[in-house]
Amino acid sequence: MWQKSYYPYVGYVLLCILGIANPFHISWINSVTIWDTLFLRFYGVSVQGGFSLLSFLFYVVVFMGLVYFFQVYITDYLSGRFYYAAIRNRSLYRLFTRLGIRVGVWAITLLVGLFLLTTLIGLASGQSLEPKLTVKADVGLYQVLYQFLINGWLQSMSGMILVFISAWLFKDVSYSLVILGLLVLAILPMFNVGSWLPAGLNSMGYISGQWKDLIQITAKLVGYLIIEISVVIYIFKKKDIALY
Amino acid sequence: MKLIEVQHVTKSFRGQVLLDQANATFEKGHIYGITGPNGSGKSVLFKLICGFIKPDQGEVIIHPNYRAKNANFPSNFGIIIDRPGYLAGHTGFENLKKWAEIQHKISDQDIQHTMRIVGLDPFARQKMKSYSLGMKQKIALAQAIMENQEVLILDEPFNALDIDSVNDIRSLLLDYKQEGKTIILTSHNQEDIDLLCDQVYQIRNKKLELVAPKVVTKPKVTV
Numbered sequence: 001m002w003q004k005s006y007y008p009y010v011g012y013v014l015l016c017i018l019g020i021a022n023p024f025h026i027s028w029i030n031s032v033t034i035w036d037t038l039f040l041r042f043y044g045v046s047v048q049g050g051f052s053l054l055s056f057l058f059y060v061v062v063f064m065g066l067v068y069f070f071q072v073y074i075t076d077y078l079s080g081r082f083y084y085a086a087i088r089n090r091s092l093y094r095l096f097t098r099l100g101i102r103v104g105v106w107a108i109t110l111l112v113g114l115f116l117l118t119t120l121i122g123l124a125s126g127q128s129l130e131p132k133l134t135v136k137a138d139v140g141l142y143q144v145l146y147q148f149l150i151n152g153w154l155q156s157m158s159g160m161i162l163v164f165i166s167a168w169l170f171k172d173v174s175y176s177l178v179i180l181g182l183l184v185l186a187i188l189p190m191f192n193v194g195s196w197l198p199a200g201l202n203s204m205g206y207i208s209g210q211w212k213d214l215i216q217i218t219a220k221l222v223g224y225l226i227i228e229i230s231v232v233i234y235i236f237k238k239k240d241i242a243l244y
Numbered sequence: 001m002k003l004i005e006v007q008h009v010t011k012s013f014r015g016q017v018l019l020d021q022a023n024a025t026f027e028k029g030h031i032y033g034i035t036g037p038n039g040s041g042k043s044v045l046f047k048l049i050c051g052f053i054k055p056d057q058g059e060v061i062i063h064p065n066y067r068a069k070n071a072n073f074p075s076n077f078g079i080i081i082d083r084p085g086y087l088a089g090h091t092g093f094e095n096l097k098k099w100a101e102i103q104h105k106i107s108d109q110d111i112q113h114t115m116r117i118v119g120l121d122p123f124a125r126q127k128m129k130s131y132s133l134g135m136k137q138k139i140a141l142a143q144a145i146m147e148n149q150e151v152l153i154l155d156e157p158f159n160a161l162d163i164d165s166v167n168d169i170r171s172l173l174l175d176y177k178q179e180g181k182t183i184i185l186t187s188h189n190q191e192d193i194d195l196l197c198d199q200v201y202q203i204r205n206k207k208l209e210l211v212a213p214k215v216v217t218k219p220k221v222t223v
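So the protein sequences, as listed, match chains A and B. Residues in the first sequence are numbered from 1 upward in steps of one, following full-length UniProt numbering. Residues in the second sequence are numbered from 1 upward in steps of one, following full-length UniProt numbering.
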């Protein structure tokens, strides 16, 4: 049955569709294959320069949108339902693992959904399925898919765990919103000097054509995930549960 | 059997001591009442017992039968703590089912049966956001008892219930005691405490004191 609470999700999906299908975006002119569209639409930011506000905003809407929805979910979860779930899980680690699996599936679903959406919209507009990227000759198709799916998933998980830590430590929702705001700022290359901050690293603009650069991004994101999970384990051991 | 022992527990929040050297013993098969003014630390004591917060000093010992290895929280405990949270856009049954799915110990029929026990229609399509306070309280009670939990930690279980429901739940709790279940509850209604509790602890001036059991002729609670 339809509910008002679905409106934000519908709005999010519509923004994603609008962002991919936007006929005024330069990528329609350049795109020959659907892989071109995937690359250009999720270009995000680039360390090599060439900042595009539209690409940045679309990246923020898509990926920070997911983190925002998680922030709303976790705030609600920790505001009352948590005790009933915790006593049944008996262990905070078990509870966190189950939560992690759930949001991990969300992230995979979103990425696969965006990929399918891009494919459908690309096909509908006459682009070819031919497995090659024409807009950047030195970038391989598998590099685009790797950056989109693997680094995209790791990046999303990193953002969501950061928000989880914030929600666990602080009662006030505004702290989580500040974290979200800082993550958005950290996407910008002028702040993310050396690409050392876990924000925006799954942008297609980070693809240089060298596999080692993509693997380096994966290593950074995995490193951040390990640090974040270590922080979660630490606060589970040391801190009382600061619920709303 | 000593099921829960609170030993020399001190707990502060932001420098303010709520409980100071609290001691209490809760034995299996009894009903205990915890009384005290608002903000005296009753909910804090419950959270300490459940392991949601840690004592600054002292310890809370749970009988090994009610602790699993590597667990933060005790086993087989049903709880009502703080204001209960729900998925507002779901029915009462759907909310209970989500909690039940964590352990997979009970069936849909068990959930429906529990809802009837607390006076709710399991097939009602009404969303929780339009539930009255009393109905929400019944859902909280249902989740605390639906998996046949042996130990019930109930913070204000009679809140917002109408008089008939209060009688029903009192009767239910007394039946549970006969079955050997252990219940620790708070209530601002002295009648609840007098009718149900075998022993009463009072939190006064940060101390947890055992109050001499009141000698009352317990009227029979009718359903």
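Since the hints were derived computationally from the structure, they do not count as laboratory data. There may be inaccurate statements among the hints.
[As the list claims (entries may be wrong)] Here are the simulated distance ranges between beta carbons:
#, chain 1, residue 1, chain 2, residue 2, range
1, A, 177, B, 107, 17 to 23 angstroms
2, B, 194, A, 172, 28 to 34 angstroms
3, B, 23, A, 196, 39 to 45 angstroms
4, B, 129, A, 173, 31 to 37 angstroms
[Unchecked claim] Every beta carbon over 10 angstroms from chain B, so not counted as near; a handful from chain A, in silico:
#, residue
5, 92
6, 129
7, 172
Idealized CB from N, CA, C, for every residue including glycine.
Does the structure break any of the earlier hints, and which numbers would those be? 1, 2, 3, 4 and 5
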